[in-house]
Amino acid sequence: MTRISVKVDGTVYQDEVEPRLLLIHYLRDRLGLTGTPIGCDTSNCGVCTVDLDGASVKSCSVLAVQADGGEVTTVEGLATDGEWTGLQRAFHERHALQCGYCTPGMLMAARDLLRENPHPTPDEVRHALEGNLCRCTGYQNIVRAVLAAAETAGQGAAT
Amino acid sequence: MSEVGTARLRKEDARLLTGQTRWTDNIDAPGLLHLAVLRSPMAHARIDRVDVSAALERPGVVAAFSGADLAPDLGSLPCAWPVTEDIVLPEHPPIAVDEVRYAGDPVAVVVARDRYTAADALEAVEVEYTPLPPVLDLEAALAEGAPLVHSDKGTNRCYDWPLRTGEDFAAVRQRAEVTLKRRYHQQRLIPNAMEPRAVVVTPVAASDEYTVYSSTQIPHILRVMLAVVTEVPEHRLRVVAPDVGGGFGSKLQVYGEEAITLAVARRLGRPVKWTESRSEGYLATHHGRGMIQDVEIAANRDGRLLGLKVDLLVDMGAYLMLVTPGIPILGAFMYPGIYKMRSYELGVTGVFTTRTPTDAYRGAGRPEATYAIERIMDELAVELGLDPVELRRRNWIRHEEFPYTTIAGLTYDSGNYEAATDKALALFDYDKLRAEQADRNQRGDTVRLGIGVSTYTEMCGLAPSRVLRDLRYAAGGWEAASVRMLPTGKVEVVTGTSPHGQGHVTCWSQIAADVLGVPFEDVQVVHGDTRAAPQGMDTYGSRSLVVGGTAVHQAATKVVDKARKVAAHLLEASERDLEFTDGVFSVKGSPDARRTIQEIAFETFTSHDLPDGVEPTINAGHLTDPDDFSYPHGTHLCAVEVDTETGQTRIRSYVAVDDVGRVINPMIVEGQVHGGLAQGIAQALYEEAVYDDEGNLVSGTMADYLVPSAPDLPEFVTERARTPATTNPLGVKGVGEAGTIASTPAVVGAVVDALRPLGVRDLRMPCTPERVWQALKEASA
Numbered sequence: 195m196t197r198i199s200v201k202v203d204g205t206v207y208q209d210e211v212e213p214r215l216l217l218i219h220y221l222r223d224r225l226g227l228t229g230t231p232i233g234c235d236t237s238n239c240g241v242c243t244v245d246l247d248g249a250s251v252k253s254c255s256v257l258a259v260q261a262d263g264g265e266v267t268t269v270e271g272l273a274t275d276g277e278w279t280g281l282q283r284a285f286h287e288r289h290a291l292q293c294g295y296c297t298p299g300m301l302m303a304a305r306d307l308l309r310e311n312p313h314p315t316p317d318e319v320r321h322a323l324e325g326n327l328c329r330c331t332g333y334q335n336i337v338r339a340v341l342a343a344a345e346t347a348g349q350g351a352a353t
Numbered sequence: 011m012s013e014v015g016t017a018r019l020r021k022e023d024a025r026l027l028t029g030q031t032r033w034t035d036n037i038d039a040p041g042l043l044h045l046a047v048l049r050s051p052m053a054h055a056r057i058d059r060v061d062v063s064a065a066l067e068r069p070g071v072v073a074a075f076s077g078a079d080l081a082p083d084l085g086s087l088p089c090a091w092p093v094t095e096d097i098v099l100p101e102h103p104p105i106a107v108d109e110v111r112y113a114g115d116p117v118a119v120v121v122a123r124d125r126y127t128a129a130d131a132l133e134a135v136e137v138e139y140t141p142l143p144p145v146l147d148l149e150a151a152l153a154e155g156a157p158l159v160h161s162d163k164g165t166n167r168c169y170d171w172p173l174r175t176g177e178d179f180a181a182v183r184q185r186a187e188v189t190l191k192r193r194y195h196q197q198r199l200i201p202n203a204m205e206p207r208a209v210v211v212t213p214v215a216a217s218d219e220y221t222v223y224s225s226t227q228i229p230h231i232l233r234v235m236l237a238v239v240t241e242v243p244e245h246r247l248r249v250v251a252p253d254v255g256g257g258f259g260s261k262l263q264v265y266g267e268e269a270i271t272l273a274v275a276r277r278l279g280r281p282v283k284w285t286e287s288r289s290e291g292y293l294a295t296h297h298g299r300g301m302i303q304d305v306e307i308a309a310n311r312d313g314r315l316l317g318l319k320v321d322l323l324v325d326m327g328a329y330l331m332l333v334t335p336g337i338p339i340l341g342a343f344m345y346p347g348i349y350k351m352r353s354y355e356l357g358v359t360g361v362f363t364t365r366t367p368t369d370a371y372r373g374a375g376r377p378e379a380t381y382a383i384e385r386i387m388d389e390l391a392v393e394l395g396l397d398p399v400e401l402r403r404r405n406w407i408r409h410e411e412f413p414y415t416t417i418a419g420l421t422y423d424s425g426n427y428e429a430a431t432d433k434a435l436a437l438f439d440y441d442k443l444r445a446e447q448a449d450r451n452q453r454g455d456t457v458r459l460g461i462g463v464s465t466y467t468e469m470c471g472l473a474p475s476r477v478l479r480d481l482r483y484a485a486g487g488w489e490a491a492s493v494r495m496l497p498t499g500k501v502e503v504v505t506g507t508s509p510h511g512q513g514h515v516t517c518w519s520q521i522a523a524d525v526l527g528v529p530f531e532d533v534q535v536v537h538g539d540t541r542a543a544p545q546g547m548d549t550y551g552s553r554s555l556v557v558g559g560t561a562v563h564q565a566a567t568k569v570v571d572k573a574r575k576v577a578a579h580l581l582e583a584s585e586r587d588l589e590f591t592d593g594v595f596s597v598k599g600s601p602d603a604r605r606t607i608q609e610i611a612f613e614t615f616t617s618h619d620l621p622d623g624v625e626p627t628i629n630a631g632h633l634t635d636p637d638d639f640s641y642p643h644g645t646h647l648c649a650v651e652v653d654t655e656t657g658q659t660r661i662r663s664y665v666a667v668d669d670v671g672r673v674i675n676p677m678i679v680e681g682q683v684h685g686g687l688a689q690g691i692a693q694a695l696y697e698e699a700v701y702d703d704e705g706n707l708v709s710g711t712m713a714d715y716l717v718p719s720a721p722d723l724p725e726f727v728t729e730r731a732r733t734p735a736t737t738n739p740l741g742v743k744g745v746g747e748a749g750t751i752a753s754t755p756a757v758v759g760a761v762v763d764a765l766r767p768l769g770v771r772d773l774r775m776p777c778t779p780e781r782v783w784q785a786l787k788e789a790s791a
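One line per chain: the protein sequences are A and B, in this order.
Heads up: the first sequence runs through residues 195 to 353, numbered per this note's numbering.
Heads up: the second sequence runs through residues 11 to 791, numbered per this note's numbering.
Please note that a few of the clues may not be correct.
Unchecked claim - Simulated restraints on C-beta separations:
1. 40/B with 255/A: 28 to 36 Å
2. 260/A with 136/B: 33 to 41 Å
3. 310/A with 784/B: 57 to 65 Å
4. 205/A with 616/B: 26 to 34 Å
5. 316/A with 24/B: 47 to 55 Å
6. 208/A with 140/B: 50 to 58 Å
7. 260/A with 656/B: 35 to 43 Å
8. 246/B with 310/A: 54 to 62 Å
9. 255/A with 784/B: 30 to 38 Å
10. 163/B with 255/A: 40 to 48 Å
Stated by the list, open to error - What the simulated footprint calls covered on chain A by chain B, stretch by stretch (three residues with Cβ under 8 Å from a Cβ of chain B suffice, anywhere in the stretch; the number is not a length):
11. 221-229
12. 234-245
13. 259-270
14. 280-286
15. 293-300
16. 313-323
17. 332-342
The hints are simulated quantities; they were obtained by calculation from the structure and are not laboratory data.
Predicted, not measured: the structure shown is a model, and the values here were computed from it.
We put the CB at the ideal spot given by N, CA and C, even for glycine.
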């Protein structure tokens, strides 16, 4: 067992974990933060994407011990005092989710994209989301939503 | 204001966007145990010995069972659609006892305090097998002396299901000026709902009561079937489909793991959870498609169709699951498509193989049918030197001919193929693309342009119960709804449909709000729990709006009728003199004499002043059993660019014009079309469940099976044509599967069209760069 200290969605947690414990299982099974789901076992689907120290990671491909001393943001930590981010609003307004299972990962990956490239082209959005699979939407409305959020952010709102 | 037809934003979104979800795997319970399944690594083998004793010694392992251990608690998994009287129905134990029949067949289970311990302990289970020959080739499986999947049955032939209508095909073929024969392969597909399956069972051991949470499309059917399989009395079973992350048919199933988890929770008296990994799901969750189609078409030189003959060899996989044998039957009536002809013959043969069972996958039988007819129509057009759209025009049912009874015996109630096609051609700029194609061919461009067309139809609104009886389906096709007016004027709609992404909560709210004249926001929709929504037939086959939405509409209409009696009494007027508009009853000619439906709800709640003999509720329920199916249709056009040097195909433009009847929520309809297109395109270009000669699933992880991501798909142009259905009061037709059914032949047709000048006549799906490159190489040799 290894002792780790991780800040997740603003709260500091200290836990003894098995070295092999995946970050996603730590979030879901130990912390009860089930907002981030699991969709595969080969790091292809991206539904478990979270932000670790300012970069998006697939939390099925990170060990909990690797997050020691780090700061994690999940989909559950996006909204502030119930106020949705621009991406969350845009996903809602553009019907960018159906079953919603890929949505947490999509939101986190899109957030990462807009941080690095605040004004992406449709093609750049598609390529940035290549590691996040959706089986419901055909991606069209997801792309629309990310572009809309980028435009709104360009006008001063937070993503 | 009318809610129906408005692009209302979804009520479902808030929790999904903020992670406040209740996926089955999220569910916890005090003392929850985790179950892991040991699966056969072989396609076919005799089980000589299973020993779980070493697993039981591992710390944290609570229990472990072989198939034989659990056999007393588990019956055979059900097949609800024995399509013929003499169908071969093998036993299907949820855990194999004597023999495994596909790679992934469960052999033993381990139950432990956490998921890591359970998974680790699987390696301590000892199993000895004697390998048996795999059965993989559909034609060889039927040959005399072939190795048998179920040796006690003496054959791999599951059933033969014939259909012959109109003139004798042999005679028609004789006098036809043109006949064409083609063989098409519908590759196996893995449905890939983003949420892997999961089951949690929480028992109240003392009273033998159980709540089963499952990532399922069919909580109501599952409850009945689990009662049958496990002999837990039905009234002590509650099944909940919590948030469900997609299904596409793969969760229209009664799975072994659902029965196993229930049986184990019952034995142990403790809550138990099983969650599949994605790779496990590739073996354990049913596959879709999987058939060989021999298609023959007969026509005159002017392009007029005379007849169609289709023979299907369908891969059942190792066992018959809930509706496995019925899937090709759902397509059986659709092979003639939208075309008029005099003769139609179909033969369906189900074949057992040592592979994961097949069953419903988005479209279920209808994409296969549409593919066959649309692809051979393309070939016929080439043979006759006709434009493929023109050939279709010469044969389709004209809009003034509806209702039209097809050669397959279905009566298409409504449609306008001319309108949809004209709109699609204009949006696509068909003539300009044809000119560019000719130019590129002329220049010998290394990147060729191809154009594909699909003028599809499908049957939705499953299903009239009497038709299901005639097709030997074991249940009915009705759907239930009830509408409750709460004392404060708010509304609860209880539906028997079980959405998992389709937006029923939003759409049913729109339907109820319109009928009752209450605000959209005041309606709550309750679903997916057999205790809260006790009656239902669940969600699959694009049935929910057509049947379930109609039930909501009819139940709400009954509420208004009941409220009218109370209003008339309170307003001291005759019912005949009451008007009901926007939720307000008023007396004709005296506009001040009025009561809102919310006021009536409260008056009924207090029941202080009801008319004599009126029961103190205006709540109402309704079960809709449809009189007939509905028939969405449309015209899809696809332009592809194929790089002849790399074999790479890129979709350049895609136009879909769909007629799904009246639209409840255009935003949701568009989303359904997009997603459907993605899955149909995926079959055409990307996806295939590949098995090796030993029967191992080679495409066994998401890294080996190409679910398309955003850069693999184009921006779609979607539009609608509109002829309301006449078979239901809402005028709706269904939209869930349309895109998938339509798009596959349009895309493959386009790829073949691009390569035809280079000598390529057909391509097997998926049209991967390697297949295209090989086909070009063979054509030039």
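Outcome of the hint check:
Between residue 40/B and residue 255/A the beta carbons are some 31 Å apart, a value that agrees with the proposed interval 28 to 36 Å. At about 35 Å, the CB distance of residue 260/A to residue 136/B agrees with the hint of 33 to 41 Å. The hinted window of 57 to 65 Å between residue 310/A and residue 784/B is violated, with their beta carbons roughly 40 Å apart. Between residue 205/A and residue 616/B the Cβ separation comes to about 48 Å, which falls outside the hinted range of 26 to 34 Å.
In this structure the supplied range 47 to 55 Å is violated for residue 316/A paired with residue 24/B, their Cβ-Cβ distance being about 27 Å. At roughly 53 Å, the beta carbons of residue 208/A and residue 140/B sit within the given window of 50 to 58 Å. Checked against the given bound of 35 to 43 Å, the beta carbons of residue 260/A and residue 656/B, roughly 39 Å apart, stay inside it. The hint said 54 to 62 Å for the Cβ distance between residue 246/B and residue 310/A, and at roughly 55 Å that hint holds.
Between residue 255/A and residue 784/B the Cβ separation comes to about 35 Å, which falls inside the hinted range of 30 to 38 Å. For the hinted restraint 40 to 48 Å between residue 163/B and residue 255/A, the CB-CB distance of approximately 46 Å keeps it satisfied. Counting residues of the segment 221-229 of chain A whose beta carbon lies closer than 8 Å to any beta carbon of chain B gives 6, which reaches the threshold of three, so the coverage claim holds. Residues of the segment 234-245 of chain A lying with their CB closer than 8 Å to a CB of chain B number 6, which satisfies the three-residue condition for coverage.
Here the segment 259-270 of chain A counts 3 residues with a CB under 8 Å from a CB of chain B, which clears the bar of 3, and the coverage holds. Judged by the Cβ-Cβ criterion of 8 Å, the segment 280-286 of chain A is covered by chain B as claimed, because 3 of its residues qualify and three suffice. Only when three residues or more bring their CB closer than 8 Å to a CB of chain B does the claim for the segment 293-300 of chain A stand; here the count is 6, and the claim holds. Look at the segment 313-323 of chain A against chain B: 6 of its residues bring a Cβ nearer than 8 Å to a Cβ of that chain, three or more, so the hint holds.
A count of 6 residues in the segment 332-342 of chain A with a Cβ less than 8 Å from any Cβ of chain B is obtained; the coverage claim is therefore met, three being the minimum.
In this structure, the hints that do not hold are numbers 3, 4, 5, in rising order.
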